[in-house]
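Protein chains in written order, with the numbering used here: chain A, 2 to 84; chain B, 30 to 233.
If you're looking for bench data, these hints aren't it; they were derived computationally from the structure.
One or more hints might be untrue.
Keeping only pairs whose Cα atoms sit at most 16 Å apart, straight-line, the calculated EDC-like set for lysine to aspartate or glutamate is [as the list claims (entries may be wrong)]:
{"id": "1", "chain 1": "B", "residue 1": "LYS83", "chain 2": "A", "residue 2": "GLU17"}
{"id": "2", "chain 1": "B", "residue 1": "LYS80", "chain 2": "A", "residue 2": "GLU17"}
{"id": "3", "chain 1": "B", "residue 1": "LYS80", "chain 2": "A", "residue 2": "GLU21"}
{"id": "4", "chain 1": "B", "residue 1": "LYS83", "chain 2": "A", "residue 2": "ASP61"}
Cβ pair distances, simulated, as ranges [stated by the list, open to error]:
{"id": "5", "chain 1": "B", "residue 1": "LEU146", "chain 2": "A", "residue 2": "ALA57", "range": "24 to 34 Å"}
{"id": "6", "chain 1": "A", "residue 1": "GLN83", "chain 2": "B", "residue 2": "GLU131", "range": "51 to 61 Å"}
{"id": "7", "chain 1": "A", "residue 1": "SER38", "chain 2": "B", "residue 2": "ASN148", "range": "51 to 61 Å"}
{"id": "8", "chain 1": "A", "residue 1": "GLY62", "chain 2": "B", "residue 2": "PRO222", "range": "51 to 61 Å"}
{"id": "9", "chain 1": "B", "residue 1": "SER120", "chain 2": "A", "residue 2": "LYS58", "range": "15 to 25 Å"}
{"id": "10", "chain 1": "B", "residue 1": "MET102", "chain 2": "A", "residue 2": "PRO63", "range": "33 to 43 Å"}
{"id": "11", "chain 1": "B", "residue 1": "PHE167", "chain 2": "A", "residue 2": "ILE39", "range": "45 to 55 Å"}
{"id": "12", "chain 1": "A", "residue 1": "LYS58", "chain 2": "B", "residue 2": "LYS159", "range": "33 to 43 Å"}
{"id": "13", "chain 1": "A", "residue 1": "PRO28", "chain 2": "B", "residue 2": "ALA137", "range": "41 to 51 Å"}
{"id": "14", "chain 1": "A", "residue 1": "PRO63", "chain 2": "B", "residue 2": "GLN77", "range": "46 to 56 Å"}
{"id": "15", "chain 1": "B", "residue 1": "GLU170", "chain 2": "A", "residue 2": "GLN27", "range": "44 to 54 Å"}
{"id": "16", "chain 1": "A", "residue 1": "ALA57", "chain 2": "B", "residue 2": "PHE167", "range": "42 to 52 Å"}
{"id": "17", "chain 1": "B", "residue 1": "LEU146", "chain 2": "A", "residue 2": "ARG70", "range": "51 to 61 Å"}
{"id": "18", "chain 1": "A", "residue 1": "ASN64", "chain 2": "B", "residue 2": "PHE167", "range": "44 to 54 Å"}
Glycine included, C-beta positions come from ideal geometry on N, C-alpha and C.
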Amino acid sequence: MQDLKEQIIQQLNLQEVKPEDIGDDQPLFKEGLGLDSIDALELIVLLQQHHNIRIAKPEDGPNIFYSVRTMAEYITAEKAKQA
Amino acid sequence: MIKTGIYINASCIIRHHSAVKNGQPVYEERHADLPDFLRALYDRFNGQYPKFHKMDLLSKLGWAATEILLQDMPMDMYAPEDTGVILANASSSLDTDEKYFETVHDIASPALFVYTLPNIVIGEISIRHKFKGENAFFVQERFDTAFITGYAAQLLESGAVKAVVCGWVEQYHAGHEAAFYLLETTPRGMALPFSAETAEKLYR
């Protein structure tokens with residue numbers, strides 16, 4: 002999850018945030034890290050560029066991008082399918 | 030020609046990696062490249078607005094110029110609808126347009142796409158300062174101080190707004206120049222009676 006946090010910081014240009022500032026279960030949007038709708042699109046780009054994963058069902062987005070942990074679990078599950 | 034009842038209460042000129050407020054130098058970082066210079070302005074004059082880092086260079090320049098312009102000039106006595114923003118430049122959003130075009134070959138960047146319009150800088154300033162008044166962005170070959178400040182003065186005279194942040198915000202590659210003015214109907218700050226000649230003199 003450390004690598005994923007670093008990817009999020011780089012992709013979203015969060016220059017004042019360090020990986021250790023992001024809790025594994027902290028909500029990424031709204032009251033948590035405060036990301037917005039453009040950030041959500043950038044997270045989709047991150048999945049494509051870094052993990053070769055395309056989200057098949059856009060309606061799953063809120064659950065996938067709820068926290069770093071839910072993102073990591075989704076990436077692990079999708080890679081297992083690709084293997 | 031001086032227009033009675035309208036004052037240039039503050040000005041901010043940023044060019045050649047230096048910033049001047051009300052005619053007085055306030056910051057200089059001549060050896061930094063443009064992104065580092067703008068980051069230095071952010072650190073010096075605010076440092077508490079993480080969304081700054083996501084902006085394109087044009088928005089960062091306009092945002093920083095407004096921070097300096099409005100430093101020690103509180104605007105919270107106005108309703109959000111009472112402050113307008115009128116800006117112009119020559120290169121529109123071309124610098125970001127080019128950067129966005131480069132990403133299209135791979136995966137188009139949503140974060141860059143949202144800055145492929147020049148008036149986004151007005152949006153960033155308005156969000157930061159909670160302005161909801163009249164706004165407009167013009168693209169001109171050069172800064173026509175008489176036109177831009179005259180447009181702002183007309184908004185004040187008509188009663189559409191009580192304050193206007195207006196001026197010039199130009200950026201293309203490393204080239205950059207901002208000339209911002211705060212026009213109000215009540216004198217404060219440097220309180221120069223408004224005229225296009227005075228605005229031009231502050232710009233030069």
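(message) Flag every earlier hint the structure violates by its number, smallest first.
(response) Of the numbered hints, 3, 4, 6, 7, 9, 11, 13, 14 and 17 do not hold.
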